[in-house]
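Colleague: The numbering of the sequence shown is the UniProt record's numbering, which starts it at 1 and goes up by one.
Be aware that one or more of the hints could be misleading.
Derived lysine to aspartate or glutamate pairs resembling EDC-like cross-links, with alpha carbons at most 20 Å apart [unchecked claim]:
1. Lys172 with Glu97
2. Lys172 with Glu198
3. Lys272 with Asp465
For the record, the hints were derived by calculation from the structure and aren't laboratory data. These figures come from a predicted structure and were not determined experimentally.
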Amino acid sequence: MSEENFASQAAAVAYEPEAKDTGVPVCVDLDGTLVKSDTFYDSVCLLLRMKPASLLRFPQWLLSGGKARVKQEVNLRVSIDAAHLPYNQPLLIFLREQQAMGRPIYLTTGADIGLAERVAAHLGFFSGVLASDGSTNLTGNHKLAGLQQRFPVFDYIGNAKPDLPALAHARKAYLANPTQGLRMALKARRLSTEYTFEDRRKLLPAILKAVRTHQWAKNFLLLVPLLMSHQLTVRSVSQAITAFFCFSFVASANYLINDLLDMESDRRHHKKRFRPFAHGDLTAAFGAFLAFVAVAVSAAMLPFLPIPFALWLIVYVVVTSAYSFYFKRVPIVDVLVLSGLYTLRLMAGGAATQTPISPWLSSLSIFLFLSLAMVKRFSELANLRERGVSSTHGRGYHVSDMEQIRAFGTSSAYAAVVIFSLYISHPDVSRLYRHPGRLWLIVPLMLYWLTWVWLKASRGEMHEDPVIFAIRDRQSMAIAVCIGILALFAAL
1 MSEENFASQA AAVAYEPEAK DTGVPVCVDL DGTLVKSDTF YDSVCLLLRM
51 KPASLLRFPQ WLLSGGKARV KQEVNLRVSI DAAHLPYNQP LLIFLREQQA
101 MGRPIYLTTG ADIGLAERVA AHLGFFSGVL ASDGSTNLTG NHKLAGLQQR
151 FPVFDYIGNA KPDLPALAHA RKAYLANPTQ GLRMALKARR LSTEYTFEDR
201 RKLLPAILKA VRTHQWAKNF LLLVPLLMSH QLTVRSVSQA ITAFFCFSFV
251 ASANYLINDL LDMESDRRHH KKRFRPFAHG DLTAAFGAFL AFVAVAVSAA
301 MLPFLPIPFA LWLIVYVVVT SAYSFYFKRV PIVDVLVLSG LYTLRLMAGG
351 AATQTPISPW LSSLSIFLFL SLAMVKRFSE LANLRERGVS STHGRGYHVS
401 DMEQIRAFGT SSAYAAVVIF SLYISHPDVS RLYRHPGRLW LIVPLMLYWL
451 TWVWLKASRG EMHEDPVIFA IRDRQSMAIA VCIGILALFA AL
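Taking the hints into account, I'd like the entire structure generated from these sequences.
Modeller: As structure tokens, this is what we get:
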């Protein structure tokens with residue numbers, strides 16, 4: 001039996017109403033209750049991505065009409081797709097069953113009336129909608145007054161402290177993903193509830209997934225300049241490690257912000273819709289808080305690192321922000337920026353340890369990571385082709401671009417191998433390696449791995465992020481170990 005069928009059967013057993021329940025309306029909150037996220041903050045994130053200048057008018061709206069006016073103005077400028085919101089599935093099952101048994105269902109929310117009506121129209125089982133109207137913010141006591149004016153008796157489902165007045169005066173009170181603050185308030189007032197509809201992941205795993213600690217592996221590039229200089233000291237190693245964590249926390253903040261801005265498009269993606277913010281496991285407000293904490297931790301490490309490293313970190317923040325807001329939607333430019341960010345990591349690592357960066361290393365990284373960025377885009381389009389979709393949402397690529405992207409990516413991969421081959425023949429290599437000729441053994445390994453990656457991508461077997469694929473793939477890691485051993489063999 002599937003999880004959904006089991007939940008449906010359990011709901012039917014637990015909530016089969018008595019005859020007297022049939023005419024009693026079920027009033028359900030929207031944000032955090034029926035929908036696991038907060039639609040207002042989701043809308044603000046979408047507004048920030050599409051019309052960022054509109055945020056400057058928030059003070060004017062707030063002063064002229066309060067939060068209800070702000071919600072109305074935001075809803076007039078951006079429209080969240082109700083079909084792809086992260087709904088609380090056990091609660092949906094319960095509401096549909098209650099509606100089928102003849103009970104009226106009302107959506108009662110502090111969200112703007114326009115957004116609430118779109119949600120109600122999409123779900124199709126609501127008898128009516130009570131929501132904020134641009135002048136009255138229908139939360140807390142305002143919501144209770146609206147309910148009591150319309151219904152002599154009602155059942156209510158909520159999730160947070162603003163729902164406490166309605167829960168306290170409801171005939172039967174239900175909870176959905178309740179906050180700790182609401183639980184404590186209910187306990188203090190000795191209020192009992194009928195049932196709790198839980199539909200969310202645990203907090204810590206959701207946070208770890210949101211900050212993408214697995215992506216920190218990319219930041220090991222900061223250590224490469226020091227390792228290739230063959231000048232390891234206690235001070236340089238400690239600086240490199242500090243730079244790694246400093247850079248990683250900023251990178252996590254960038255991932256958080258990027259996911260917040262991409263929530264709407266991620267919810268339409270067959271895999272990205274399970275990301276913590278798109279899936280409703282973490283709210284947008286909490287995501288902004290996490291990003292602030294990550295930046296603060298990184299800033300606390302900066303005094304222990306050279307000023308040039310801080311400058312490269314600022315460049316990284318500016319470029320990634322520009323990528324999130326604009327460049328990611330511009331074909332070809334997006335992959336050039338991505339490959340450039342890998343090279344930027346090398347520059348930052350060299351600045352942290354005051355190690356000069358070889359132009360050979362810079363050239364190699366540009367072509368190598370351009371190829372891997374092309375693999376990422378190629379894999380995304382391959383997945384779209386399998387699902388019968390012709391273009392990416394929020395990107396500038398079409399499935400018809402696949403062959404051209406493959407040509408760009410494979411040529412860039414082999415250009416990286418050519419650059420490495422020329423580097424081996426350069427006189428500078430003899431100062432770093434006692435047996436530079438042994439480095440030629442690395443060339444066939446590079447050719448094999450890059451060709452194999454593109455073959456996997458062409459077969460549709462590649463993870464959309466080839467760097468993460470390489471970290472998790474045993475064969476890729478074995479090749480990396482062999483390359484490291486050969487480099488050490490050449491140096492000794």
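Colleague: Each hint: holds or not?
Modeller: Now for the hints, and whether the structure bears them out:
1. Lys172 with Glu97: Holds, at about 17 Å.
2. Lys172 with Glu198: This hinted pair holds, its Cα atoms lying about 18 Å apart.
3. Lys272 with Asp465: At roughly 12 Å apart (the allowed maximum being 20 Å), Asp465 and Lys272 satisfy the hint.
Violated hints for the displayed structure: none, as all numbered hints are satisfied.
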